[in-house]
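Visitor: Next come the chains, spelled out residue by residue.
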Amino acid sequence: MKLTLKIWRQESPEDKGRLVSYEMDGVAEDTSFLELLDILNQRLIKKGEHPVTFDHDCREGICGSCGFMISGIAHGPQKLTTTCQLFMRQFKDGDTIVAEPFRSRAFPVIKDLVVDRSALDKIVQAGGFISARTGSGPDGNAIPISKEKADRSMDAAACIGCGACVAACPNGSAMLFTAAKISHLGLLPQGQPERKQRALRMVAKMQELGFGACSNHGECEAVCPKGISIDFIARLNRDYMVASALETVEPVKKV
Amino acid sequence: MDLNSKVPSGPIEKKWEKHRFDMKLVNPSNKRKYKIIVVGTGLAGGAAAASLGQLGYEVEAFCYQDSARRAHSIAAQGGINAAKNYQNDGDSVFRLFYDTVKGGDFRSREANVYRLAEVSNGIIDQCVALGVPFAREYSGYLANRSFGGAQVSRTFYARGQTGQQLLLGAYAALSREVALGSVKMFPRHEMLELVVIDGHAKGIVVRDMVTGTISSHVADTVILATGGYSNVFYLSTNAKGCNTTAIWRAHRKGALFANPCYTQIHPTCIPVAGEHQSKLTLMSESLRNDGRVWVPKKAGDQRKPWEIPEDDRDYYLERIYPSYGNLAPRDVSSRAAKRMCDEGRGVGPGGRGVYLDLFDAMDRLGRDVIAARYGNLFEMYERITGEDPWKWPMRIYPAVHYTMGGLWVDYNLMSNLDGLHVLGEANFSDHGANRLGASALMQGLADGYFVIPYTIADYLTKVKPGSRPSVDHPAFKEAEREVEARTKKLLSIGGTKTVDEFHKELGQVMWEYVGMGRNEAGLKTALQKIPQIRERFWKEVRVPGSGADLNQELEKAGRVADFLEMGELLAYDALMRDESCGAHFREEHQTPDGEALRNDEKYAYVAAWEYKGEGKSPELHKEPLEFENVHLAQRSYK
Ligand SMILES: Cc1cc2nc3c(=O)[nH]c(=O)nc-3n(C[C@H](O)[C@H](O)[C@H](O)COP(=O)(O)OP(=O)(O)OC[C@H]3O[C@@H](n4cnc5c(N)ncnc54)[C@H](O)[C@@H]3O)c2cc1C
Ligand code: FES
Numbered sequence: 001m002k003l004t005l006k007i008w009r010q011e012s013p014e015d016k017g018r019l020v021s022y023e024m025d026g027v028a029e030d031t032s033f034l035e036l037l038d039i040l041n042q043r044l045i046k047k048g049e050h051p052v053t054f055d056h057d058c059r060e061g062i063c064g065s066c067g068f069m070i071s072g073i074a075h076g077p078q079k080l081t082t083t084c085q086l087f088m089r090q091f092k093d094g095d096t097i098v099a100e101p102f103r104s105r106a107f108p109v110i111k112d113l114v115v116d117r118s119a120l121d122k123i124v125q126a127g128g129f130i131s132a133r134t135g136s137g138p139d140g141n142a143i144p145i146s147k148e149k150a151d152r153s154m155d156a157a158a159c160i161g162c163g164a165c166v167a168a169c170p171n172g173s174a175m176l177f178t179a180a181k182i183s184h185l186g187l188l189p190q191g192q193p194e195r196k197q198r199a200l201r202m203v204a205k206m207q208e209l210g211f212g213a214c215s216n217h218g219e220c221e222a223v224c225p226k227g228i229s230i231d232f233i234a235r236l237n238r239d240y241m242v243a244s245a246l247e248t249v250e251p252v253k254k255v
Numbered sequence: 001m002d003l004n005s006k007v008p009s010g011p012i013e014k015k016w017e018k019h020r021f022d023m024k025l026v027n028p029s030n031k032r033k034y035k036i037i038v039v040g041t042g043l044a045g046g047a048a049a050a051s052l053g054q055l056g057y058e059v060e061a062f063c064y065q066d067s068a069r070r071a072h073s074i075a076a077q078g079g080i081n082a083a084k085n086y087q088n089d090g091d092s093v094f095r096l097f098y099d100t101v102k103g104g105d106f107r108s109r110e111a112n113v114y115r116l117a118e119v120s121n122g123i124i125d126q127c128v129a130l131g132v133p134f135a136r137e138y139s140g141y142l143a144n145r146s147f148g149g150a151q152v153s154r155t156f157y158a159r160g161q162t163g164q165q166l167l168l169g170a171y172a173a174l175s176r177e178v179a180l181g182s183v184k185m186f187p188r189h190e191m192l193e194l195v196v197i198d199g200h201a202k203g204i205v206v207r208d209m210v211t212g213t214i215s216s217h218v219a220d221t222v223i224l225a226t227g228g229y230s231n232v233f234y235l236s237t238n239a240k241g242c243n244t245t246a247i248w249r250a251h252r253k254g255a256l257f258a259n260p261c262y263t264q265i266h267p268t269c270i271p272v273a274g275e276h277q278s279k280l281t282l283m284s285e286s287l288r289n290d291g292r293v294w295v296p297k298k299a300g301d302q303r304k305p306w307e308i309p310e311d312d313r314d315y316y317l318e319r320i321y322p323s324y325g326n327l328a329p330r331d332v333s334s335r336a337a338k339r340m341c342d343e344g345r346g347v348g349p350g351g352r353g354v355y356l357d358l359f360d361a362m363d364r365l366g367r368d369v370i371a372a373r374y375g376n377l378f379e380m381y382e383r384i385t386g387e388d389p390w391k392w393p394m395r396i397y398p399a400v401h402y403t404m405g406g407l408w409v410d411y412n413l414m415s416n417l418d419g420l421h422v423l424g425e426a427n428f429s430d431h432g433a434n435r436l437g438a439s440a441l442m443q444g445l446a447d448g449y450f451v452i453p454y455t456i457a458d459y460l461t462k463v464k465p466g467s468r469p470s471v472d473h474p475a476f477k478e479a480e481r482e483v484e485a486r487t488k489k490l491l492s493i494g495g496t497k498t499v500d501e502f503h504k505e506l507g508q509v510m511w512e513y514v515g516m517g518r519n520e521a522g523l524k525t526a527l528q529k530i531p532q533i534r535e536r537f538w539k540e541v542r543v544p545g546s547g548a549d550l551n552q553e554l555e556k557a558g559r560v561a562d563f564l565e566m567g568e569l570l571a572y573d574a575l576m577r578d579e580s581c582g583a584h585f586r587e588e589h590q591t592p593d594g595e596a597l598r599n600d601e602k603y604a605y606v607a608a609w610e611y612k613g614e615g616k617s618p619e620l621h622k623e624p625l626e627f628e629n630v631h632l633a634q635r636s637y638k
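Each protein sequence line maps, in turn, to chains A and B. Read in order, the letters of the first sequence correspond to residues 1 to 255 in the numbering used here. Read in order, the letters of the second sequence correspond to residues 1 to 638 in the numbering used here.
These are computed hints drawn from the structure, not numbers from a lab. Warning: the hint list may mix true and false statements.
Using 30 Å as the maximum straight-line C-alpha spacing, the simulated DSSO-like pairs for lysine-lysine come out as follows [what the hints assert, rightly or not]: (1) B:K33 / A:K16; (2) A:K254 / B:K35; (3) A:K254 / B:K33.
If we take Cβ atoms under 10 Å as the criterion, some of the chain A residues that face chain B in the derived model are [what the hints assert, rightly or not]: (4) E29; (5) T31; (6) C58; (7) Q85; (8) L86; (9) D112; (10) G128; (11) F129; (12) S136; (13) K149; (14) A150; (15) H184; (16) L246; (17) T248; (18) P251; (19) K253.
Just so you know, even glycine gets a beta-carbon here, dropped at the ideal spot from N, CA and C.
Make the full structure from the sequences, and use the hints.
Guide: As structure tokens, this is what we get:
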């Protein structure tokens with residue numbers, strides 16, 4: 001296959017950045033998108049140019065490291081697929097493909113296609129946990145959990161924290177990410193004691209970090225490589241409403 | 001050198017309990033005076049950092065990814081073992097211990113393995129408490145599945161994402177400590193040197209991967225939990241960033257490297273598609289429950305699989321291992337696949353693949369059943385290969401997957417270097433020459449949640465609070481200079497070949513001569529070739545850019561430089577271990593039906609290698625292994 005790649009090149013956070021075109025020839029269909037960048041980078045290095053910088057690690061769709069906008073869609077055209085699992089057979093000979101970093105106020109660009117997503121960690125630090133000291137748990141079977149609840153919790157827990165939902169949202173909201181964490185823990189009996197504070201703290205942190213509000217566009221669900229359902233956002237909203245009627249946000253305390 | 005394993009006395013089932021009582025405790029008000037560095041936030045490091053932060057120590061944790069949640073533990077699919085015996089099928093701590101020692105082909109330390117089995121149950125409790133959504137039965141109780149090498153059902157799982165869920169549990173606990181300020185987290189930081197002062201590990205030198213700043217971090221003790229070194233083979237199932245740098249740097253500073261040649265090869269991976277391939281993907285072994293493995297009988301048979309009639313197919317696992325058939329153990333089936341391909345009977349591009357055929361099972365059980373069992377695996381396979389497993393039998397091939405070797409540690413998980421602790425896949429301790437499925441996650445969490453919090457306290461009682469050196473100590477300055485010089489050197493070579501080219505070249509040598517089957521001549525060839533590649537690397541590599549910002553080629557170059565040294569030690573260890581055991585298969589030593597043939601008289605020891613300087617042969621130290629509770633026997637799964 002022959003392809004034209006237009007890639008966002010930006011040397012540093014201060015640099016203005018620009019799209020640069022690269023012609024790719026003889027691309028095999030079973031090359032992954034990241035492998036295509038590998039091939040390009042080998043070529044660039046040999047020519048004495050700077051290779052394209054992009055985040056990646058597992059290359060099997062689970063670590064959440066990879067991800068950028070591919071012709072305007074976070075992670076590209078294939079549904080339920082991370083960038084590392086996107087193969088060139090999804091494109092046609094002669095296609096022009098544009099690769100740009102995830103764009104969002106809360107995700108500043110570091111270099112080329114790499115952005116700083118540490119804001120997502122901060123949301124989890126605000127309350128995305130159950131405070132169970134090591135060694136304090138009762139027997140694993142002490143509290144039965146219905147299969148249905150456990151499965152639903154797992155549906156939410158499947159989030160890989162890639163940030164595609166934020167990048168796809170016109171408001172740059174992290175609601176799907178936050179809702180997934182809140183639902184994963186809130187569906188389990190172990191998550192109940194801190195449920196209200198969790199919602200208050202995580203939502204407050206999200207706002208503080210510059211993520212936008214949710215206005216139900218649904219773009220997040222459409223690009224989520226793990227198919228996290230937007231229904232979880234409704235759940236988060238309910239939790240948040242109940243919590244704000246009853247409590248105010250408190251700082252995390254030692255157990 | 002005195003290799004004291006510090007295994008406590010007494011009967012095996014009392015050792016850990018007795019030791020926990022004998023070990024000293026740190027006074028609660030003194031804990032905050034001690035600083036602990038944890039490198040790595042996978043299951044082992046993440047669990048350790050969170051638990052130590054909770055106890056009140058000052059913790060600094062480091063990882064090279066942009067978030068602690070992305071450590072390679074995230075990719076584990078199958079599950080985690082524990083001796084809960086919830087199935088009432090005869091499991092017990094002793095049985096898990098026994099299976100693990102036997103699975104490791106009698107090359108692990110009994111006392112460590114027993115403790116691992118003993119704390120396994122607490123891990124499940126802890127994970128449930130943290131909100132890990134394990135699979136459940138309709139009753140609401142925890143579900144189990146079976147895994148290779150065991151006759152009981154003791155594996156806990158969360159769909160095909162067990163590692164992810166366990167890691168997210170540890171990451172959540174860690175995040176809480178970060179919020180409280182007891183753990184300071186340094187993502188996108190790579191450890192490039194260990195600092196040892198008067199024989200004590202006192203800190204590390206790291207590079208901030210975004211700004212390029214090289215800085216020192218001082219502590220009272222250092223923990224390395226930096227994962228395995230499978231990427232020395234270039235292609236493996238590990239994440240691209242997995243490396244040996246942290247442990248290799250520690251090795252160069254005096255930490256012994258134990259059993260580097262014990263590397264595990266997984267039989268069911270998606271085969272290599274071509275030159276551009278950057279990593280290999282594992283397909284769950286569970287497929288072998290219903291799949292039949294075959295190749296054409298005739299070499300070079302180019303027909304489509306469905307054009308090949310039954311009579312022209314060789315279901316070789318069923319033929320060679322009639323009683324275990326398609327479920328023969330990992331190492332045995334991997335080697336058989338290689339033999340078939342070596343005979344020219346491999347299928348797919350490049351002839352490096354065998355069929356894993358589920359069509360008989362589809363006929364027998366119906367497509368619905370197969371879809372329910374393996375639907376998501378079929379999807380994954382199709383996404384990667386573009387072939388529809390409902391029409392074509394899948395193609396599989398073995399791939400490097402896990403490394404049992406690692407830094408030598410004693411019963412307290414401390415290396416021979418005082419104050420250097422090593423956890424998880426980075427140490428050598430529990431799996432002997434072969435790891436059983438679902439036991440690595442167990443070991444990582446055992447080390448992090450339930451072993452190190454106790455043993456490190458005992459260590460710290462011997463360190464005077466407030467006695468740690470300052471970052472201005474000459475040893476830190478010297479280490480920083482070394483790192484800077486190395487970085488500069490890499491950037492200044494300006495050759496014509498890329499880092500990847502060297503990495504691939506090394507990988508080919510490792511796979512060809514130090515891979516699934518090893519022999520004296522091949523190993524000697526590898527030992528000749530690796531130093532040559534290394535020499536050319538330092539003359540011909542081109543690392544573009546500068547050291548002052550995010551430079552992924554520079555990161556890779558440093559890692560490959562270390563692989564080029566560690567690969568040689570791996571091959572050397574494989575040559576010196578003139579027996580077969582577990583995953584280490586020396587072709588000279590096999591039973592008539594191709595099983596690994598151990599030599600207990602000569603090789604029932606841990607080979608712990610001491611670094612003697614560049615260009616010098618490493619020195620071997622032996623820790624003899626004694627088996628008092630499990631009788632040495634020929635491992636047989638027939
Ligand atoms: C595809 C796959 C599937 C698997 N499935 C299973 C399974 O089902 N069951 C099972 O029990 N085991 C499984 N394993 C094995 C298991 O996942 C690993 O052995 C285990 O997770 C390793 O955990 P760890 O904490 O030791 O290391 P890792 O999770 O690899 O973590 C290493 C950490 O060290 C950091 N690090 C590394 N080098 C440096 C450095 N130089 N500087 C700073 N930080 C550094 C990394 O950032 C990371 O945080 C599987 C492995 C693979 C590859
Ligand atoms: S690289 Fe891990 S999800 Fe893509």
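Visitor: Each of the hints needs a verdict: does it hold here or not?
Guide: Status of the hints after comparison with the structure:
no., hint, in the structure
1, B:K33 / A:K16, "violated, 46 Å"
2, A:K254 / B:K35, "holds, 19 Å"
3, A:K254 / B:K33, "holds, 18 Å"
4, E29, "holds, 6 Å"
5, T31, "holds, 5 Å"
6, C58, "holds, 4 Å"
7, Q85, "holds, 6 Å"
8, L86, "holds, 9 Å"
9, D112, "holds, 9 Å"
10, G128, "holds, 6 Å"
11, F129, "holds, 4 Å"
12, S136, "holds, 7 Å"
13, K149, "holds, 8 Å"
14, A150, "holds, 4 Å"
15, H184, "holds, 7 Å"
16, L246, "violated, 22 Å"
17, T248, "violated, 18 Å"
18, P251, "holds, 8 Å"
19, K253, "holds, 8 Å"
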